[in-house]
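Asks: Residue numbers (this note's numbering), protein chains in the order written: chain R, 3 to 173; chain G, 7 to 106; chain P, 7 to 372.
Derived by calculation from the structure, the hints in this document are not laboratory data.
Mixed in with the good hints, there may be bad ones.
What the hints assert, rightly or not - Straight-line C-alpha distance at most 20 Å; calculated EDC-like pairs for lysine to aspartate or glutamate:
1. G:97 <-> R:134
2. P:37 <-> P:78
3. P:16 <-> P:86
4. G:61 <-> P:122
5. G:61 <-> R:77
6. P:294 <-> P:122
7. R:88 <-> G:99
Unchecked claim - Just some of the chain R residues that point at chain P, by a computed CB distance under 8 Å:
8. 26
9. 29
10. 33
11. 56
12. 64
13. 67
14. 71
15. 73
16. 76
17. 92
18. 100
19. 104
20. 153
21. 154
22. 156
23. 159
Owing to the predicted nature of the structure, the values given are computational and were not obtained by experimental measurement.
Virtual Cβ for every residue (Gly too), placed ideally from N, Cα, C.
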Amino acid sequence: MFYPLAAVTVVSALAVITARNPVRSAMALVATLASLAVCFVALGAHLVAALQIIVYAGAVMVLFLFVIMLLNVQEDPHEGGRTGLKVAAAAIGAALAALFGTVLLRGGGSVEGAWPAGFGTTRALARVLFGDYLVAFELTSVLLLVAVVGAVVLARHDSDESDPGEVEEPQ
Amino acid sequence: MITAAHYLALSAILFFIGATGVVTRRNLIVIFMSIEIMLNAANLAFVAAAAILGKMDGQTIVFFVMTVAAAEAAVGLAVMIALFRNVETVKADEVGALRW
Amino acid sequence: MSVWLIGAIKSLVVVVMVLQLSAFLLWIERKGSALIQNRLGANRAHIFGVVPFNLGFLNTLVADPVKLFTKEDFVPAGSDRFLHALAPFMALFPAIITFAAIPFGDSIRVAGRTIDLQAVHLDVGLLYILAMVSMGVYGVVIAGWASNNRWALLGSIRGSAQMISYELAMGLALVCVVLTYGSVDLQAIVRDQGRTLYGVVPAWGVLYQPVAFVLIFIAGMAESKRVPFDIPEAESELISGYFTEYSGGKQAAFMLADFAEVVLVAGLVTTLFFGGWQVPWLTAQGWKFPGAELISLSPWTVTILQVAAFSVKVLFFCWLQILIRWTVPRFRYDQLMNLGWKRMMPIALANVVITAAVILVWGRAA
Numbered sequence: 003m004f005y006p007l008a009a010v011t012v013v014s015a016l017a018v019i020t021a022r023n024p025v026r027s028a029m030a031l032v033a034t035l036a037s038l039a040v041c042f043v044a045l046g047a048h049l050v051a052a053l054q055i056i057v058y059a060g061a062v063m064v065l066f067l068f069v070i071m072l073l074n075v076q077e078d079p080h081e082g083g084r085t086g087l088k089v090a091a092a093a094i095g096a097a098l099a100a101l102f103g104t105v106l107l108r109g110g111g112s113v114e115g116a117w118p119a120g121f122g123t124t125r126a127l128a129r130v131l132f133g134d135y136l137v138a139f140e141l142t143s144v145l146l147l148v149a150v151v152g153a154v155v156l157a158r159h160d161s162d163e164s165d166p167g168e169v170e171e172p173q
Numbered sequence: 007m008i009t010a011a012h013y014l015a016l017s018a019i020l021f022f023i024g025a026t027g028v029v030t031r032r033n034l035i036v037i038f039m040s041i042e043i044m045l046n047a048a049n050l051a052f053v054a055a056a057a058i059l060g061k062m063d064g065q066t067i068v069f070f071v072m073t074v075a076a077a078e079a080a081v082g083l084a085v086m087i088a089l090f091r092n093v094e095t096v097k098a099d100e101v102g103a104l105r106w
Numbered sequence: 007m008s009v010w011l012i013g014a015i016k017s018l019v020v021v022v023m024v025l026q027l028s029a030f031l032l033w034i035e036r037k038g039s040a041l042i043q044n045r046l047g048a049n050r051a052h053i054f055g056v057v058p059f060n061l062g063f064l065n066t067l068v069a070d071p072v073k074l075f076t077k078e079d080f081v082p083a084g085s086d087r088f089l090h091a092l093a094p095f096m097a098l099f100p101a102i103i104t105f106a107a108i109p110f111g112d113s114i115r116v117a118g119r120t121i122d123l124q125a126v127h128l129d130v131g132l133l134y135i136l137a138m139v140s141m142g143v144y145g146v147v148i149a150g151w152a153s154n155n156r157w158a159l160l161g162s163i164r165g166s167a168q169m170i171s172y173e174l175a176m177g178l179a180l181v182c183v184v185l186t187y188g189s190v191d192l193q194a195i196v197r198d199q200g201r202t203l204y205g206v207v208p209a210w211g212v213l214y215q216p217v218a219f220v221l222i223f224i225a226g227m228a229e230s231k232r233v234p235f236d237i238p239e240a241e242s243e244l245i246s247g248y249f250t251e252y253s254g255g256k257q258a259a260f261m262l263a264d265f266a267e268v269v270l271v272a273g274l275v276t277t278l279f280f281g282g283w284q285v286p287w288l289t290a291q292g293w294k295f296p297g298a299e300l301i302s303l304s305p306w307t308v309t310i311l312q313v314a315a316f317s318v319k320v321l322f323f324c325w326l327q328i329l330i331r332w333t334v335p336r337f338r339y340d341q342l343m344n345l346g347w348k349r350m351m352p353i354a355l356a357n358v359v360i361t362a363a364v365i366l367v368w369g370r371a372a
């Protein structure tokens, strides 16, 4: 079960960084997020998996797609250059990934072995979230407010200079 | 025998895929998406750690990371829209005015 | 039989029932709208024009899908073929897969094994439904983009803006339901509605959360882009809005997704507010009418009655949505967005606050 899932995740992530068309990149990222949600379910984090789909795949990526369509980002015909850099980056990335991967693989710890009852349910997460991390929760809500206000201010048209103007009345 | 450490290794692989994407691509939006891959790799590492230790703290951190990443995505995309209005491009090479 | 096989059979049953009901609803919509509008509707489909095959009103049920699937699959020039094929999948897949969480019966005991009549027992069932509803936006967005047609794109941007706006009101109303029942598990919510208030009235959710019921019903119709919220599709004005450039099987997928969402909204409303598979005064042992003795029934009879009750309720709400579609004129786009943001969201927020206050003072429903 793990190996097909990991393969799908890695292939979609590779598709994100290699696709020429940014819309295809975005859809590949959606696929990556969805397979990560399945990984979360396999690790017992049901609520976090549902939140991943609702927040990340359902809202953030829609925002990405809107921006891509708004800016009409096309494929870059000159994207293919700098092959030397790309090969070097890919080689170093693959080497580091292999290094970290093999080191981390010795971590052990079974899946669903020593989990307490109700691990990963909403109730358990709520207990920790509103218990130990209450201050962080409140600060995060302030952060979200700041982000919303900032995004609206940044993306707004400046000072209505692009006012559509009055509708001409037929004389 | 699949242990939770396999998921940690998967998160490392995803992280470096994201890092390669940031370094290699020129399109700002694709760079941003690669950053999101890195954030999700970190999320996977946290959830795997929570599974190994049997405590819910890892999943709570993931909750916060998700929220902060959503806020960052919103603001980052708004910055990109504002940038696009001024320079009409999303290629990272062409917005190098602040480089030395 | 292993757990996987049982799960596969349950999932297959659910998926097949949903697809059949969606196709059936397509035909019911055509004839039902004809009934409402005092006309005959489509009745001319023959097979070779021969009399025994001229069951005009029934042939349309077969002819419509056959027509849709045998048309040419046309991909417009300059569009991305992969995305063009992906969009109907992204529209249909979340609409069908959401039914995995909806319970259609109580647990049954077969051969010493307890089987839950729910395709997958999720302990975050309600959030799963919300997640799949959020995924439905992609079908609209990609359909408009992949059409290489600026009016389809405009329709899809409007449609997706509408969908994400009403997700908000739906989510807040679902929060009220979660507050009332103290659980996100759909089977637990349905089981909780089997009680009776004062021994007489069945404790269905609509009695506890009438405002949330209205909000979820309206938001659900807006999510599935049905009239009066069908500006993205607008059959009499735009050709087909965001799926104009789709023909044949892909258009069939969009229409199936539309009707699957009708069934989904009906199923969701039934589960949360009208007792799901609960029959009034029917307990797991038999009929328990108020003031009378227990009339015991066999477990299989009880199960069959419960599944039948669920089906009747879902069909009622499907019919209600079709009735509303052919009765109410559609909203203008700004009226639609005003309704979502300026009226439904504050009402939903106020409902959350009031529900929380009531629970604090009087305790939960359970």
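Asks: Look at each hint and say if it fits the structure.
Replies: Taking the hints in turn, this is what the structure says about them:
no.: 1; hint: G:97 <-> R:134; verdict: violated (43 Å)
no.: 2; hint: P:37 <-> P:78; verdict: violated (26 Å)
no.: 3; hint: P:16 <-> P:86; verdict: violated (37 Å)
no.: 4; hint: G:61 <-> P:122; verdict: violated (29 Å)
no.: 5; hint: G:61 <-> R:77; verdict: violated (45 Å)
no.: 6; hint: P:294 <-> P:122; verdict: violated (23 Å)
no.: 7; hint: R:88 <-> G:99; verdict: holds (15 Å)
no.: 8; hint: 26; verdict: holds (7 Å)
no.: 9; hint: 29; verdict: holds (7 Å)
no.: 10; hint: 33; verdict: violated (10 Å)
no.: 11; hint: 56; verdict: holds (5 Å)
no.: 12; hint: 64; verdict: holds (5 Å)
no.: 13; hint: 67; verdict: holds (5 Å)
no.: 14; hint: 71; verdict: holds (6 Å)
no.: 15; hint: 73; verdict: violated (13 Å)
no.: 16; hint: 76; verdict: violated (11 Å)
no.: 17; hint: 92; verdict: violated (24 Å)
no.: 18; hint: 100; verdict: violated (31 Å)
no.: 19; hint: 104; verdict: violated (32 Å)
no.: 20; hint: 153; verdict: violated (15 Å)
no.: 21; hint: 154; verdict: violated (14 Å)
no.: 22; hint: 156; verdict: violated (19 Å)
no.: 23; hint: 159; verdict: violated (17 Å)
Going through the hint list in order, the structure does not satisfy hints 1, 2, 3, 4, 5, 6, 10, 15, 16, 17, 18, 19, 20, 21, 22 and 23.
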